[in-house]
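Number of protein chains: 4
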Amino acid sequence: MKGNVIVLNGTSSSGKTTLARAFQAQSTEVYLLCALDAFWDMTPYKIPAGSKNFPNMKLALAKSVQALAETGHNVIVDIVFCGEKTYRELTNELSGLKLTLVKVDCPLDELTKREAARGDRAIGLAKSQHESIHQGVLYDLTIDTLINSPTQCAQKIINYLL
Amino acid sequence: MKGNVIVLNGTSSSGKTTLARAFQAQSTEVYLLCALDAFWDMTPYKIPAGSKNFPNMKLALAKSVQALAETGHNVIVDIVFCGEKTYRELTNELSGLKLTLVKVDCPLDELTKREAARGDRAIGLAKSQHESIHQGVLYDLTIDTLINSPTQCAQKIINYLL
Amino acid sequence: MKGNVIVLNGTSSSGKTTLARAFQAQSTEVYLLCALDAFWDMTPYKIPAGSKNFPNMKLALAKSVQALAETGHNVIVDIVFCGEKTYRELTNELSGLKLTLVKVDCPLDELTKREAARGDRAIGLAKSQHESIHQGVLYDLTIDTLINSPTQCAQKIINYLL
Amino acid sequence: MKGNVIVLNGTSSSGKTTLARAFQAQSTEVYLLCALDAFWDMTPYKIPAGSKNFPNMKLALAKSVQALAETGHNVIVDIVFCGEKTYRELTNELSGLKLTLVKVDCPLDELTKREAARGDRAIGLAKSQHESIHQGVLYDLTIDTLINSPTQCAQKIINYLL
Numbered sequence: 025m026k027g028n029v030i031v032l033n034g035t036s037s038s039g040k041t042t043l044a045r046a047f048q049a050q051s052t053e054v055y056l057l058c059a060l061d062a063f064w065d066m067t068p069y070k071i072p073a074g075s076k077n078f079p080n081m082k083l084a085l086a087k088s089v090q091a092l093a094e095t096g097h098n099v100i101v102d103i104v105f106c107g108e109k110t111y112r113e114l115t116n117e118l119s120g121l122k123l124t125l126v127k128v129d130c131p132l133d134e135l136t137k138r139e140a141a142r143g144d145r146a147i148g149l150a151k152s153q154h155e156s157i158h159q160g161v162l163y164d165l166t167i168d169t170l171i172n173s174p175t176q177c178a179q180k181i182i183n184y185l186l
Numbered sequence: 025m026k027g028n029v030i031v032l033n034g035t036s037s038s039g040k041t042t043l044a045r046a047f048q049a050q051s052t053e054v055y056l057l058c059a060l061d062a063f064w065d066m067t068p069y070k071i072p073a074g075s076k077n078f079p080n081m082k083l084a085l086a087k088s089v090q091a092l093a094e095t096g097h098n099v100i101v102d103i104v105f106c107g108e109k110t111y112r113e114l115t116n117e118l119s120g121l122k123l124t125l126v127k128v129d130c131p132l133d134e135l136t137k138r139e140a141a142r143g144d145r146a147i148g149l150a151k152s153q154h155e156s157i158h159q160g161v162l163y164d165l166t167i168d169t170l171i172n173s174p175t176q177c178a179q180k181i182i183n184y185l186l
Numbered sequence: 025m026k027g028n029v030i031v032l033n034g035t036s037s038s039g040k041t042t043l044a045r046a047f048q049a050q051s052t053e054v055y056l057l058c059a060l061d062a063f064w065d066m067t068p069y070k071i072p073a074g075s076k077n078f079p080n081m082k083l084a085l086a087k088s089v090q091a092l093a094e095t096g097h098n099v100i101v102d103i104v105f106c107g108e109k110t111y112r113e114l115t116n117e118l119s120g121l122k123l124t125l126v127k128v129d130c131p132l133d134e135l136t137k138r139e140a141a142r143g144d145r146a147i148g149l150a151k152s153q154h155e156s157i158h159q160g161v162l163y164d165l166t167i168d169t170l171i172n173s174p175t176q177c178a179q180k181i182i183n184y185l186l
Numbered sequence: 025m026k027g028n029v030i031v032l033n034g035t036s037s038s039g040k041t042t043l044a045r046a047f048q049a050q051s052t053e054v055y056l057l058c059a060l061d062a063f064w065d066m067t068p069y070k071i072p073a074g075s076k077n078f079p080n081m082k083l084a085l086a087k088s089v090q091a092l093a094e095t096g097h098n099v100i101v102d103i104v105f106c107g108e109k110t111y112r113e114l115t116n117e118l119s120g121l122k123l124t125l126v127k128v129d130c131p132l133d134e135l136t137k138r139e140a141a142r143g144d145r146a147i148g149l150a151k152s153q154h155e156s157i158h159q160g161v162l163y164d165l166t167i168d169t170l171i172n173s174p175t176q177c178a179q180k181i182i183n184y185l186l
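Protein chains in written order, with the working numbering: chain H, 25 to 186; chain D, 25 to 186; chain E, 25 to 186; chain R, 25 to 186.
Possibly wrong hints are sitting among the right ones.
Because identical chains share one entry, a pair is satisfied inside a single copy or across any pair of copies.
[Claimed, not checked] Distance condition first, Cα-Cα at most 27 angstroms in a straight line; then the derived DSSO-like pairs of lysine-lysine: (1) Lys87 <-> Lys137; (2) Lys70 <-> Lys26; (3) Lys180 <-> Lys70; (4) Lys76 <-> Lys127; (5) Lys151 <-> Lys127; (6) Lys151 <-> Lys70; (7) Lys76 <-> Lys26; (8) Lys109 <-> Lys151; (9) Lys180 <-> Lys26; (10) Lys180 <-> Lys76; (11) Lys127 <-> Lys137; (12) Lys70 <-> Lys122; (13) Lys122 <-> Lys151; (14) Lys127 <-> Lys26; (15) Lys151 <-> Lys137; (16) Lys70 <-> Lys127; (17) Lys109 <-> Lys122; (18) Lys76 <-> Lys151; (19) Lys122 <-> Lys87; (20) Lys180 <-> Lys137; (21) Lys26 <-> Lys151; (22) Lys109 <-> Lys87; (23) Lys109 <-> Lys26; (24) Lys137 <-> Lys109; (25) Lys76 <-> Lys87; (26) Lys87 <-> Lys26; (27) Lys137 <-> Lys70; (28) Lys122 <-> Lys26.
Simulated from the structure, these hints should not be mistaken for lab results.
Could you build all of it, start to finish, from the sequences and the hints given here?
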């Protein structure tokens with residue numbers, strides 16, 4: 025039996041990974057976390073990761089999520105869309121699966137503070153993504169990570185899926 | 025155009041990841057590192073990772089490697105086989121691709137010392153895998169990580185592929 | 025000129041490190057983060073870290089904070105007290121410095137959820153510390169990490185120091 | 025009773041940390057690993073770590089090693105000297121302790137390959153340190169990490185201490 029797929033789309037530092045790990049911990053169903061960051065970790069260190077140098081990586085991710093679901097795993101995806109292009113690739117590759125699209129939202133000034141505090145992300149990255157990543161994307165659910173704790177955000181997804 | 029695939033099979037602590045990163049650094053061709061450990065990282069923390077709880081994970085990995093190669097990426101795979109079962113899954117899923125199978129070898133007493141020094145692996149894990157993982161597997165190349173440095177091991181794979 | 029010292033005492037998973045990194049990012053003064061976890065990382069992997077096997081480690085930490093402050097660095101300390109014993113060691117070693125003691129608080133059921141989501145802490149650790157670590161400790165400030173975001177918590181410390 | 029101190033001085037990527045962890049694993053005596061990298065991790069992410077921005081950090085490290093030894097811990101130090109200045113600070117602060125100074129050596133072209141493979145160090149860092157860090161330093165022991173495995177290097181230190 026094929027698995028279900030939840031997709032979290034939000035800027036860098038919007039709290040997607042923390043939310044996904046909280047969801048895995050609180051859900052009674054078993055979900056695998058498929059993160060775009062894990063795909064960027066695959067690249068040789070001598071070549072900067074990113075869609076510029078690896079334009080097919082998000083398509084490969086979509087096909088890998090299909091592979092995970094096809095072999096019976098539920099999947100929660102942690103990704104930053106290239107707007108409508110990624111939306112089309114994902115919905116196209118994952119047609120036939122139960123797919124839930126979640127917008128992970130956070131005000132820009134909070135994103136900037138988180139970016140400075142975590143130290144492993146380029147300053148300005150969240151801002152550069154803030155405008156474009158949601159363009160042309162239809163969501164099932166929107167979650168605000170400023171006014172909800174990770175625990176509360178995870179519960180909102182669980183409630184939606186009931 | 026489809027990518028090529030190199031598969032490194034060896035026990036825990038045999039030096040596969042260090043070898044794969046050295047290969048990526050020294051190779052003029054771009055290769056992505058697809059590691060079994062990254063698949064185990066996908067699982068919820070509350071469920072112990074491993075083939076017992078996730079019996080289809082290595083098949084999902086094989087299909088994901090196919091997805092990466094199909095979208096034009098060369099891939100170096102860092103994996104511990106469940107012997108002939110994984111060998112069959114990989115060769116079956118990746119038929120039609122140029123596939124190079126590398127045995128990553130290291131004496132057991134050296135494995136035990138490395139295991140103790142790295143601290144992030146269960147003591148005895150390498151020993152438990154040592155007998156079974158190579159059963160029924162046909163290799164193109166065998167590399168010994170005790171008598172060769174990672175730099176030298178990577179060069180041996182590069183020379184083989186020429 | 026000697027540095028100032030802020031001490032964060034709270035259970036595992038109460039959010040001390042995230043708060044300390046947010047404080048470093050938002051403060052106009054330069055602070056070094058001295059974390060108990062970094063001291064446990066010093067131990068050989070073959071010996072379980074903790075006060076049982078290393079009973080003098082928190083005293084060594086207190087003396088190291090003194091060494092950092094004496095060489096001109098402000099320090100924010102991220103630690104789990106052994107109750108009054110650690111309180112006495114710290115206040116004794118750091119007498120003569122400007123010392124601010126902060127209680128990092130979080131309800132137990134939230135701690136338990138965070139513990140499960142992060143995956144790198146033993147389940148039950150926060151609960152085991154919850155009762156004892158604040159015994160006999162006099163605080164300058166108490167901060168609740170459930171009702172305040174890390175950004176807000178950091179601002180509260182900055183406001184207190186003004 | 026005061027602890028003994030071993031100091032490993034070598035360039036970035038010369039293999040100091042791997043050697044220190046192997047030593048901890050193989051030694052029958054308990055040693056704590058005090059690494060310069062852990063001190064750089066203390067700094068706010070918004071300020072580049074290094075001796076330029078934190079000129080007293082290696083002196084603070086020397087005093088912290090003294091604090092660890094004074095509280096009964098043996099210590100193995102993993103550090104990159106600012107040549108004779110660090111040598112003087114360490115020997116001055118640690119006078120009265122049993123101190124063993126180890127030169128960790130590796131040819132420059134191997135360092136460059138390792139640097140590229142590990143991906144978490146600036147390219148050229150090892151080269152920039154190669155000339156200067158050993159100036160004016162008197163060693164008890166020199167170890168070559170190209171011709172010896174980490175296991176063998178650790179054994180050489182153990183043999184020296186007997």
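Results of checking the hints against the structure:
no.	hint	result
1	Lys87 <-> Lys137	neither (34 angstroms within a copy, 32 angstroms between copies)
2	Lys70 <-> Lys26	between (38 angstroms within a copy, 22 angstroms between copies)
3	Lys180 <-> Lys70	between (40 angstroms within a copy, 20 angstroms between copies)
4	Lys76 <-> Lys127	within (24 angstroms within a copy, 34 angstroms between copies)
5	Lys151 <-> Lys127	within (16 angstroms within a copy, 34 angstroms between copies)
6	Lys151 <-> Lys70	both (26 angstroms within a copy, 17 angstroms between copies)
7	Lys76 <-> Lys26	between (33 angstroms within a copy, 19 angstroms between copies)
8	Lys109 <-> Lys151	within (20 angstroms within a copy, 44 angstroms between copies)
9	Lys180 <-> Lys26	within (24 angstroms within a copy, 41 angstroms between copies)
10	Lys180 <-> Lys76	neither (34 angstroms within a copy, 31 angstroms between copies)
11	Lys127 <-> Lys137	both (20 angstroms within a copy, 23 angstroms between copies)
12	Lys70 <-> Lys122	between (38 angstroms within a copy, 24 angstroms between copies)
13	Lys122 <-> Lys151	neither (31 angstroms within a copy, 38 angstroms between copies)
14	Lys127 <-> Lys26	within (24 angstroms within a copy, 34 angstroms between copies)
15	Lys151 <-> Lys137	within (11 angstroms within a copy, 31 angstroms between copies)
16	Lys70 <-> Lys127	between (33 angstroms within a copy, 26 angstroms between copies)
17	Lys109 <-> Lys122	within (20 angstroms within a copy, 30 angstroms between copies)
18	Lys76 <-> Lys151	within (18 angstroms within a copy, 30 angstroms between copies)
19	Lys122 <-> Lys87	both (15 angstroms within a copy, 20 angstroms between copies)
20	Lys180 <-> Lys137	both (25 angstroms within a copy, 15 angstroms between copies)
21	Lys26 <-> Lys151	neither (37 angstroms within a copy, 35 angstroms between copies)
22	Lys109 <-> Lys87	both (15 angstroms within a copy, 23 angstroms between copies)
23	Lys109 <-> Lys26	both (25 angstroms within a copy, 22 angstroms between copies)
24	Lys137 <-> Lys109	neither (29 angstroms within a copy, 36 angstroms between copies)
25	Lys76 <-> Lys87	both (19 angstroms within a copy, 25 angstroms between copies)
26	Lys87 <-> Lys26	both (14 angstroms within a copy, 15 angstroms between copies)
27	Lys137 <-> Lys70	between (29 angstroms within a copy, 11 angstroms between copies)
28	Lys122 <-> Lys26	within (9 angstroms within a copy, 29 angstroms between copies)
Going down the numbered hints, you'll see the structure goes against 1, 10, 13, 21, 24, while the others check out.
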